[in-house]
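**Q** Its first residue numbered 0, the sequence shown is counted upward by one per residue in numbering that gives the first Met the number 0.
Be aware that one or more of the hints could be misleading.
Unchecked claim - Lysine-lysine pairs mimicking DSSO-like chemistry, simulated, CA-CA at most 27 Å apart:
| no. | residue 1 | residue 2 |
| --- | --- | --- |
| 1 | K13 | K250 |
| 2 | K102 | K174 |
| 3 | K216 | K47 |
| 4 | K114 | K170 |
| 5 | K118 | K159 |
| 6 | K174 | K118 |
| 7 | K216 | K174 |
| 8 | K114 | K174 |
| 9 | K250 | K16 |
| 10 | K170 | K221 |
| 11 | K1 | K43 |
| 12 | K118 | K250 |
| 13 | K43 | K98 |
| 14 | K13 | K43 |
| 15 | K216 | K170 |
| 16 | K43 | K102 |
| 17 | K102 | K118 |
| 18 | K159 | K174 |
| 19 | K250 | K18 |
| 20 | K216 | K118 |
| 21 | K102 | K114 |
| 22 | K216 | K159 |
| 23 | K221 | K114 |
| 24 | K98 | K47 |
| 25 | K159 | K170 |
| 26 | K2 | K13 |
| 27 | K221 | K174 |
| 28 | K170 | K102 |
| 29 | K216 | K114 |
| 30 | K114 | K159 |
| 31 | K170 | K118 |
| 32 | K221 | K47 |
To be verified - Label-pair ranges, simulated between beta-carbon atoms:
| no. | residue 1 | residue 2 | range |
| --- | --- | --- | --- |
| 33 | S147 | S254 | 20 to 28 Å |
| 34 | P3 | M151 | 51 to 59 Å |
| 35 | Q284 | L256 | 20 to 28 Å |
To be clear, the hints were calculated from the coordinates, so they are not data collected in a lab. Backbone N, C-alpha and C fix where the C-beta goes; we use that ideal spot for every residue, glycine too.
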Amino acid sequence: MKKPNLIDPRTLYKHTKFKDQEQDTPALQDEMMPEPDCGEESYKGSGKLENRNALITGGDSGIGRAAAIAYAREGANVAIQFYPGEEQDAEEVKELIEKEGGKSLLLPYDLREEKAAAKIVEDTVEAFGQLDILVLNAGQQIAQESLSELSMEQIEDTFKVNIISMFESVKAAEKYLPAGSTIVTTTSVQATNPSTHLMDYAATKGAITNFTINLAKYFAEKGIRVNGVAPGPIWTPLQLDDGQPDGVIPKFGQSSLLERAGQPAELAHVYVYLASNESSYVTAQIYGVTGGEAIN
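From just these sequences and the hints, can you work out the full model?
**A** This is the structure we're talking about:
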């Protein structure tokens, strides 16, 4: 009798302390210790997104990178927006996409800039001829220990990147999205259990959750589904670019029920499911991948 393929989720990935580390803006995945697992070696596709055309914001590293790799291995063409300066990570993803035989497109845009979030949609449609998967994943997260240290400039930038750019991209994409298309947003456990040192970031995640459900209501009559993913503590470059208070990184994620941080690869299947026809009766939902933290 063959033994079942069982894994202990507590020890599947790194579950001991991380090295205390930080990076200057922009943080790069290649320079993290250990480097996050985005499914580069592990993700196996099965044609779930064959001939689909996807645009992923923040697709060069972390969760967006994991989604990009998975989408390519499921048969999609994939465009990724990334913050200028992160070309090193983006080129790696481009190579991985093209290795699967699909088209790739790199879009170095700062989403704080006016019309950037609309331009990436137009560029994707021009390159691929169609757009039917829109993953709104890009985010800014900068920890501030006190309200007095949280500048209005940072608040405005966080809202521009995290939620205002979503409105702009969706407005630009609406005329291109056919029935059967999908929109997937990245929100967070911070939407429902905010941390005081991430006050601006958490506020945007609450807005994204609301936006996702409202957008699903709007697009339902067009045959377009909209859902969101709410990650918990995931090991990504976002955490090292002032994303956590001083001294937190070594124990990052270890207070979760599974006693470790999550890896981007552990979210890839959720992004694939929500983009594929397998989730045909799923819309206006938020899926938590949190290591056990509640999202309601």
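**Q** Take the hints in turn and mark each one as holding or not.
**A** Hints and how they fare:
For the suggested pair K13 and K250, the alpha carbons sit about 11 Å apart, so the restraint of at most 27 Å is met. Between K102 and K174 the CA atoms are separated by roughly 22 Å; this keeps the pair inside 27 Å, and the hint holds. Between K216 and K47 the alpha-carbon distance is near 25 Å, which keeps this suggested pair within the 27 Å criterion. Distance check on the hinted pair: K114 and K170 sit about 11 Å apart at the alpha-carbon level, within 27 Å; holds.
For the proposed pair K118 and K159, the alpha carbon gap of about 15 Å is at most 27 Å, so the pair holds. Proposed proximity of K174 and K118 is supported: the alpha carbons are some 14 Å apart, at most 27 Å. Note on K216 and K174: the hinted pairing holds, with a Cα-Cα distance of about 17 Å set against a maximum of 27 Å. For the hint linking K114 to K174, the alpha-carbon distance of about 16 Å falls within 27 Å, and the restraint holds.
For the hint linking K250 to K16, the alpha-carbon distance of about 5 Å falls within 27 Å, and the restraint holds. For the hint linking K170 to K221, the alpha-carbon distance of about 14 Å falls within 27 Å, and the restraint holds. With a CA separation close to 22 Å, the supplied pair K1 and K43 stays within the 27 Å bound. Restraint check: the Cα-Cα separation between K118 and K250 comes to about 39 Å, which exceeds 27 Å; the hinted pair is violated.
At roughly 13 Å between alpha-carbon atoms, K43 and K98 fall within 27 Å of each other, so this suggested pair holds. The straight-line distance between the Cα atoms of K13 and K43 is roughly 21 Å, inside the 27 Å bound, and the hint therefore holds. A C-alpha spacing of about 15 Å is found between K216 and K170, which places the hinted pair at or below 27 Å, so the restraint holds. With a C-alpha separation of about 18 Å, the suggested pair K43 and K102 falls inside the 27 Å cut-off, and the hint holds.
Taken as a hint, the K102 and K118 pair is honoured in the structure, with Cα atoms around 19 Å apart against an allowance of 27 Å. Annotation: proposed proximity of K159 to K174 holds, straight-line Cα distance about 23 Å (limit 27 Å). Using a Cα cut-off of 27 Å, the hinted pair K250 and K18 holds, with the two alpha carbons roughly 9 Å apart. Restraint check: the Cα-Cα separation between K216 and K118 comes to about 25 Å, which is no more than 27 Å; the hinted pair holds.
In summary, the hint linking K102 to K114 is supported, as the alpha carbons are separated by about 24 Å, within the 27 Å threshold. A C-alpha spacing of about 23 Å is found between K216 and K159, which places the hinted pair at or below 27 Å, so the restraint holds. Distance hint between K221 and K114 is fulfilled; the C-alpha atoms sit about 25 Å from each other, no more than 27 Å. Between K98 and K47 the alpha-carbon distance is near 17 Å, which keeps this suggested pair within the 27 Å criterion.
Between K159 and K170 the alpha-carbon distance is near 15 Å, which keeps this suggested pair within the 27 Å criterion. Proposed proximity of K2 and K13 is supported: the alpha carbons are some 25 Å apart, at most 27 Å. Proposed proximity of K221 and K174 is supported: the alpha carbons are some 11 Å apart, at most 27 Å. Between the alpha carbons of K170 and K102 the distance comes to roughly 24 Å, so the proposed pair stays at or under 27 Å and holds.
Simply put, K216 and K114 have alpha-carbon atoms about 25 Å apart, close enough for the 27 Å limit, and the pair holds. Using a Cα cut-off of 27 Å, the hinted pair K114 and K159 holds, with the two alpha carbons roughly 11 Å apart. At most 27 Å may separate the alpha-carbon atoms for a hinted pair to count; K170 and K118 meet this at roughly 11 Å. At roughly 22 Å between alpha-carbon atoms, K221 and K47 fall within 27 Å of each other, so this suggested pair holds.
The hint said 20 to 28 Å for the Cβ distance between S147 and S254, and at roughly 27 Å that hint holds. Taking 51 to 59 Å as the suggested C-beta distance range, the pair P3 and M151 conforms, at roughly 55 Å. A hinted range of 20 to 28 Å for the beta carbons of Q284 and L256 is consistent with their spacing of about 22 Å.
Hint 12 from the list above is the single one not met by this structure.
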